[in-house]
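Heads up: the sequence lines are chains A and B, in that order. Take any residue in the first sequence, note its place counting from 1, add 6, and you have its number in our numbering. Take any residue in the second sequence, note its place counting from 1, add 6, and you have its number in our numbering.
Everything labelled a hint here was simulated from the structure, so no lab data went into it. No residue lacks a Cβ here, since even glycine has one placed at the ideal position from N, Cα and C. One thing to keep in mind: the hints can contain errors.
Below, in silico cross-link-like pairs of lysine-lysine (DSS-like), each with a Cα-Cα straight-line distance of 25 Å or less [to be verified]:
hint: 1; chain 1: B; residue 1: Lys200; chain 2: B; residue 2: Lys167
hint: 2; chain 1: A; residue 1: Lys170; chain 2: A; residue 2: Lys200
hint: 3; chain 1: A; residue 1: Lys200; chain 2: B; residue 2: Lys115
hint: 4; chain 1: A; residue 1: Lys115; chain 2: B; residue 2: Lys200
hint: 5; chain 1: A; residue 1: Lys200; chain 2: A; residue 2: Lys167
hint: 6; chain 1: A; residue 1: Lys200; chain 2: A; residue 2: Lys162
So the derived list for chain A, only partly shown, Cβ under 7 Å to chain B, looks like this [as the list claims (entries may be wrong)]:
hint: 7; residue: Ile22
hint: 8; residue: Leu26
hint: 9; residue: Thr34
hint: 10; residue: Trp55
hint: 11; residue: Leu63
hint: 12; residue: Glu67
hint: 13; residue: Leu74
hint: 14; residue: Lys167
hint: 15; residue: Pro188
2 protein chains.
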Amino acid sequence: MRTEGSAVDRDRLAAITEFLLFADRLKTVERKGMVPGVNRRETVAEHCWHMALAALLLEREIGFTVDLGRTLSLILVHDVVEIEAGDTYAYDTAGVAEQAAREEAAAAKLFGMLPADLSEDLDTMWREFEAGITPEAKLAKACDRLQGFMQNVAAKGVVWKENKIDRARTSIRTDYPRAVDPAIAEVIEILYAKADDGGMWPPSADD
Amino acid sequence: MRTEGSAVDRDRLAAITEFLLFADRLKTVERKGMVPGVNRRETVAEHCWHMALAALLLEREIGFTVDLGRTLSLILVHDVVEIEAGDTYAYDTAGVAEQAAREEAAAAKLFGMLPADLSEDLDTMWREFEAGITPEAKLAKACDRLQGFMQNVAAKGVVWKENKIDRARTSIRTDYPRAVDPAIAEVIEILYAKADDGGMWPPSADD
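Only chain A is shown next, with the shape it has when bound in the complex (with noise of 0.2 Å):
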């Protein structure tokens, strides 16, 4: 906080307006899920709003302890890099191999809007969010995963079908979230059953 009595910055709080004024076209890149009612797909914008519903509701059903505040806040952050570097879909191999170089380009002229100590927290925030090794990193990165899944789930499976993705190669995105924590393995496993039930993957070639 401000010390109290003390005059505010108007040039640092006019950087701050204008970040957040540019963050608002993270409301205009979209992800590859759908969602179900609308004929769009999701925002990033809305996406990390929903895995921060997600963090929020997870937190003490996980067995480890995380600081929600910081854990929201690597959510929040964690995908501003997008409105630069796009989103990359997940099954995307030669997206995914570039997507660093082109995420740290994003990051560097973004964070870079804000008051040098605030820029500095913001990019640490995303590293750490990047990195998974804290607890609140490893929640948020669970939560990631499992949103996007979930979304899949929501929208009937239609994404999957369209993109030829089989139950297995989902794997690549579940296996993370599985292995941070049994209470998020157990609503993965609540996620594939509905899939399964649903009639929610690709007919497989041996159909």
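Use these hints to put chain B onto chain A, whose structure you have.
Same frame as chain A, now just chain B:
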């Protein structure tokens, strides 16, 4: 957190999963604000992410201390009732008058999907936000108003013009965040200056 080594509760996690799947609908509820660059209104889910980002960046600029995890939790949860109750346009006097009753019914239905303890927690968060008494609720509520105002600036005043909302009338949305803290008041001033310089207000009767 779950007691270490204790088994996960499948029924409990199934209820959380259902709630999270249902919460997806907040991506289909539209607000009045337009998202520049794409021809559609902002969704409530996007609004929640954006105001959470604002709270994260303004936390250390304000002259009072908040628990960031609690502040962000209030923000993430505060509009979930709009899945059932819809968004009420701030300048729709009749809508605002009956909003409370609609939202009470929605809260009972939606939070009731969760296990009792979580249901009570989310209900408490929603009421804490609405009451606006705790420091966390004050920051969260200020960010709610700030974000809505900022969205109109981001969209160059198109919605103000469409609804003939003049500069003076916006005070019913900006007086609150201004009163919460001088740093937030400064951000509001910066946004008003942008609106003035950008010709974002509807033509007045005198023009």
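Cross-check of the supplied hints:
1. B:Lys200 - B:Lys167: Holds, because 15 Å separates the two Cα atoms, which is no more than 25 Å.
2. A:Lys170 - A:Lys200: The given pair, whose Cα atoms are some 18 Å apart, holds under the 25 Å limit.
3. A:Lys200 - B:Lys115: holds (23 Å)
4. A:Lys115 - B:Lys200: Since the Cα atoms of Lys115 of chain A and Lys200 of chain B sit roughly 23 Å apart, the hinted pair holds (cutoff 25 Å).
5. A:Lys200 - A:Lys167: Roughly 15 Å between the alpha carbons, so the hint for Lys200 of chain A and Lys167 of chain A holds.
6. A:Lys200 - A:Lys162: holds (9 Å)
7. Ile22: Because about 5 Å separates Ile22 of chain A from the closest Cβ in chain B, which is inside the 7 Å limit, the hint holds.
8. Leu26: holds (6 Å)
9. Thr34: holds (5 Å)
10. Trp55: holds (4 Å)
11. Leu63: Where the cut-off is 7 Å and the nearest Cβ of chain B is about 5 Å from Leu63 of chain A, the hint holds.
12. Glu67: Holds, about 6 Å.
13. Leu74: Holds, about 4 Å.
14. Lys167: violated (19 Å)
15. Pro188: holds (5 Å)
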